[in-house]
Each structure stands twice: as C-alpha cells, then as structure tokens.
Amino acid sequence: LLYVFKDDRVIEFDGELSADTLVEFLLDVLEDPVEMINNAMEVRAFERMEEDIRLIGYFKGEDSYFKAFQEASERFQPYIKFFATFDKSVAKHLSLKMNEVNFYEPFMEEPAIVPGRPLSEIDIVEYVTQHRRATLRKLRAENMFETWEDDMDGIHIVAFAEEEDPDGYEFLEILKDVARDNTNNPELSIVWIDPDDFPLLTTYWEKTFKLDLFRPQIGVVNVTDADSVWLDMSNDEDLPTAEELEDWIEDVLSGRVNTEDDDESADEPENPDSYITEDSDEIHDLDEGDNDDNYN
Numbered sequence: 001l002l003y004v005f006k007d008d009r010v011i012e013f014d015g016e017l018s019a020d021t022l023v024e025f026l027l028d029v030l031e032d033p034v035e036m037i038n039n040a041m042e043v044r045a046f047e048r049m050e051e052d053i054r055l056i057g058y059f060k061g062e063d064s065y066f067k068a069f070q071e072a073s074e075r076f077q078p079y080i081k082f083f084a085t086f087d088k089s090v091a092k093h094l095s096l097k098m099n100e101v102n103f104y105e106p107f108m109e110e111p112a113i114v115p116g117r118p119l120s121e122i123d124i125v126e127y128v129t130q131h132r133r134a135t136l137r138k139l140r141a142e143n144m145f146e147t148w149e150d151d152m153d154g155i156h157i158v159a160f161a162e163e164e165d166p167d168g169y170e171f172l173e174i175l176k177d178v179a180r181d182n183t184n185n186p187e188l189s190i191v192w193i194d195p196d197d198f199p200l201l202t203t204y205w206e207k208t209f210k211l212d213l214f215r216p217q218i219g220v221v222n223v224t225d226a227d228s229v230w231l232d233m234s235n236d237e238d239l240p241t242a243e244e245l246e247d248w249i250e251d252v253l254s255g256r257v258n259t260e261d262d263d264e265s266a267d268e269p270e271n272p273d274s275y276i277t278e279d280s281d282e283i284h285d286l287d288e289g290d291n292d293d294n295y296n
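Number 267 in full-length UniProt numbering belongs to position 267 of the sequence shown; there are no gaps in the numbering.
No lab work stands behind these hints: they were computed from the structure.
Be aware that a few hints might be false.
[To be verified] Capping the alpha-carbon separation at 25 Å, the derived lysine to any residue pairs in SDA-like fashion look like this: (1) K207 x L239; (2) K176 x P166; (3) K88 x F103.
These numbers come from a predicted model, not from an experiment.
From just these sequences and the hints, can you work out the full model?
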C-alpha cells in the first residue's frame, strides 16, 4: 500500500504500481474534491461518465449545505466523484431540487435521490458507504486490489469483455441490461474486466482460469484459491441473452453453481455441459502476476 497525505487527510492507494497509474492517481488527488457543473457542455461530459460512481448536488451557493457536501466528498476522493451546481438551468435538466443530491450507480440509466433534504456530511457519507458496491463495476488499475478484496462471501462474479471488440461490446451491453434489471439485489455484484486495460495480466489470467480472453467470458471465482467455474460459451455462435445470463447468475447466487463443483461432485448442475470448471492446483490471488435542447 501507498499513502498520500493531503491537508489533514490520509488517502490510501491500493492499485497497480505502475508509473502511469500513480501519476493519474496523484493528479486526481490534487484536484478539488467537488467539481462544479456550470453549463451544457459540462453536463454532457457528466452524463457520459457511465462507468463511474458519482454524486451531484444543487445548492444556492457556498453555504453550510454545500460545505457538508464538500466535506463528505473529501472522505472518498479520488475514488468517488462529487459534482455540484449553483445553476438553475443545470439543476432543472438534471431534475435536482435545491439542496438535493443524486447518486449515480455505474451503468444505471437513472440516479437515486439520496434521502433527506438538506443533508448533513454524515448523511451523505453513510449513504455512499452503503451503496458504493455497484451491481456492475469496472476493475480499474487505481483500485484493483481494493475491488478484488471487496468480495461477496468469498467469491466474485467476473466478466471479461473487450469494449472495443464487437462481441465484447455486445456482451457488455447484455451485462448492463442484467445489472439494470437487478440493481436492487444487494447480493449481486459483477466485476467487469476489460483485458485491454491490463495487458501484463492477460496471459496470467488466461493461464490461471484456462480461458481465451479474445472472447467474452463470465464466471464465478473463489478469491482465496482462484478456483473458478465459467459459463461455457465456446460452442455458441451467439452470445447468451440477458435472460440466459440471469438464469446462470441465479444459479450462482443460490449455490447451484459454485467453485467447489468438480467431476466427482454428487451435486452437479442441472445442465453440467453449460459450465467449465477450473480447479487450480496452486493458490493464486488476482493481484499476483507478472432540460433543454442545449443539453442534447
């Protein structure tokens, strides 16, 4: 771990130790914890940030309610992005009332309103802490180890998909549909990994999980020993539908598909040919390895 000291705060860096990642992280730390949104162009940029958890509040000015929002933002900088506006037209476009804060989960089409108005620093911090594990979240170099350690009862549902690849893009869109349909399920969190973001780890993942990452993949991984079970898509020309993915995820959450499955298991899945089981001989961790028309 690395620690960055800013004013009276200590910010923990638990990401990839590369020069590019560290520089980008430090530049984000140096920014103001709250970014202001003042015009249509900035609104459009804000609305394109679908991969990020972000909050935006509407305030009269730099009053006590804005200060509370600002102080809350410092608790999460730079991992969660906070925005604010004092502009009435921006607030109208974003359907914000005075002293109201909207919380945007990654890949969701509509924000959630943080309950309570006006909000204290504690109100905002508690809400963000409770909701920061997204239904679909992207693994990022700057917090990859923290994300991997934030598992669900010792497992992760992991999806590999290259966003720039046509099949990868289509599969990611299917994952978004599944996440949107299940956003209220606290037991579901899918970690999306774009192999293009981690070129030095791709070979390691392919060897560990015995996968071809040139194709989209989804599976369940044990975070302790890297045992894994993967949905078999190798013989299908078509990607699974959202309904088929939801059925598989339901099997994972119910325990019918789990990383303890093997060829000798007495409790095989109903359709055993649908899964690829990978039992690692050695212990591995993921972190090892070389309003208005103006706004349209």
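Checklist entry - Hints broken by the structure, by number, lowest first? => result Hints that this structure does not satisfy do not exist here, as all of them hold.
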